[in-house]
Amino acid sequence: MKDFRLIVLFAVGFAVLPWFTHSGVLLNALMMALFACLMSQSWNILGGFGGQLSFGHALFFGTGAYAQAIFQMQYGVNPWAALALAVSISSLLGGVLGWISFRYGLRGSYFALITLAFAEVFRILSLSSTITGAGVGLMLPLSESFGNMQFSGKTGFIELILCMNVIALLITLWLKNSRLGAYLQAVRDNEDAAKALGVNPLKVKFFAISISAALMGAAGCFYVQVFQYIDPNLAYGAHTSVAALVGAIVGGMGTLWGPVLGAFALELLSSLTRNFLGELPGINMVVYGSLLIAIIMFLPKGLIGLFSSMGAKSQVRGGIAVDSKLKS
Amino acid sequence: MFDAGIIYSSLLNGLTSGAVYILIALGLTLIYGVLHIINFAHGAALMLALYGVYFLKVNLGLDPYWSLLIMVPVMFVLGYALQRLVIERASHGKDENILLVTLGLSIVLENLALLFFKSDTRNIETAYTLTTVAVGPAMIALPKIIACLGAACMSLLLIGMMKFTKIGLAIRAVAKEKQGARLMGIDVEHVYAMSFGIGLACLGAAACFLLPAYYVNPSVGGGFVLVAFTVVVLGGMGSFTGAVVGGLLIGVVESLGGLFMGDSLGQVGIFMLFIIVLLIRPQGLFGAKR
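First to last, the sequence lines map onto chains A and B. With positions in the first sequence counted from 1, the corresponding number in this note's numbering is that position plus 21. With positions in the second sequence counted from 1, the corresponding number in this note's numbering is that position plus 999.
Just so you know, these hints were derived from the structure itself, not from any lab. Keep in mind that this is a model prediction, so the values were computed, not measured. Treat the hints with care, as some may be off.
As the list claims (entries may be wrong) - Under 8 Å between C-beta atoms, here's a sample of chain B residues computed to sit facing chain A:
no.	residue
1	I1036
2	A1089
3	L1104
4	V1267
No residue lacks a Cβ here, since even glycine has one placed at the ideal position from N, Cα and C.
If we strip away everything but chain A, and leave its shape as in the complex, we get (with noise of 0.2 Å):
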């Protein structure tokens, strides 16, 4: 009940927050932290709760830009439908490649380098077909109006994130409390001895992935909307998969409130940074890098394990590594 009070709490919040403030610098930075949020959130149900740790997210997040971009462009889908198929797409891809790599037993790094190559593959892919506008991208005509999904200020896209994060959070509780979700946690935890229990660990990392896949193939939707372009880097760069990885793992993986402390924590650190050393090229990926590293080796437990009172009900992170070994 806490966390959902927390929850109602968190939407409240940020929905109200922008009426109070007219600072551009502010709504920009507050847009990106919740799209940041999404991303880490999506990747926190496969690779938290799920433990299968994904290198190639932005597979999922270049799929639903692309496909909310061609349903507009090339069939003239209203936005808000487009969104509909979008997710729906990328769930389905998500639901294809973990029923393909979870039905042939592949596990830890095997995982981590199947997502990367498929996000390698589709970006090339994209890179020389005609309908994804290949190196040139896709450009979404300026068209500003609520149907069109296009709104003149800052705060609508807010609105339209805060809305997917709380559907995200609403998710990753749901899972957290359900029978799913502690089958999820006895698989990523001991597979071999969650199979013993009568789990069928292919379904419930069917479930996660197809889950995880719908989440982040909203936040490229969204991106779309925002910026109105897309190209093969952009949409399957790996970029975007490490921006979500890592701002699960800084905030703390497997729990409900620790993806939304990284992506915020991992916000502002960036634009710290680009105040006192100014627009330089990769140091964003830098500060991203050796945070990583930094919180696996001091705070394996991710940000939210310093607020251990408030979290201790939360943290969930298992104390048995992913198998290396790859079947059973």
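Given chain A's structure and the hints, the job is docking chain B onto it.
Below, chain B without anything else, positioned relative to chain A:
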């Protein structure tokens, strides 16, 4: 539709780029064989070594092949130190942490290079860069021939080291049974660091053979490393023979794929092969069934 001459030269080209893949994959497969973990920082370390060779040539005028004497020990020390000071301490005994830390290292190294060296693509000019040698009816650049010989020497050296030296024996023992090796008095952490060091030393050598024929930029590692992963997975994780056969095979597939389907689809061909091997035969061609 293609005459035999073009196919022959494309085949030869494939074999020479395969040799380069072998150079990179040898270190990767050694690290995998012992630590049972994929070193995601492998591409970034290669990029670093390439910059090392580049700056030795540009600032000190050192020939890339003489740089071998500097780059191999430097990369060894770097690898040893990285394993001892970063990876070992961050792992907390979990494989997934090693995976994430090597990913973090690759992100940091690649973007530091971008920060300091900018995204310019650089290459070096040597007296023999444009020299070509006739191999049968086709012409091949001399640096590529030397890279082939280098790959052959290094594979033999590594296989010899694993078979006949004490550290090779220790590495094999730790790879097979960590706890047992520890009980026999082997310093497992030292062996881990040695393997990581040797793995990166291979990259130091690879960089010296590579640079005369290729180029360096901050993201050069990413392109090579996915191919090297493919080579290692295809050949069988931890198998040196597998890396050699896998490297040559991938080189030929890429070259012939590029000839028949165009360059970018040739790349997709490699990744598809990678995915199919991972799914259907994850132990590779020469790997033991796990």
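Hint-by-hint comparison with the structure:
1. Because the beta carbon of I1036/B sits about 6 Å from the nearest beta carbon in chain A, less than 8 Å, this interface hint is met.
2. A least Cβ separation of about 4 Å between A1089/B and chain A falls short of the 8 Å threshold, and the interface hint therefore holds.
3. At its closest, the beta carbon of L1104/B sits 7 Å from a beta carbon of chain A; the interface hint therefore holds under the 8 Å criterion.
4. A cut of 8 Å between beta carbons decides the hint on V1267/B: the least distance to chain A is about 5 Å, and the hint holds.
The structure meets every hint from the earlier list without exception.
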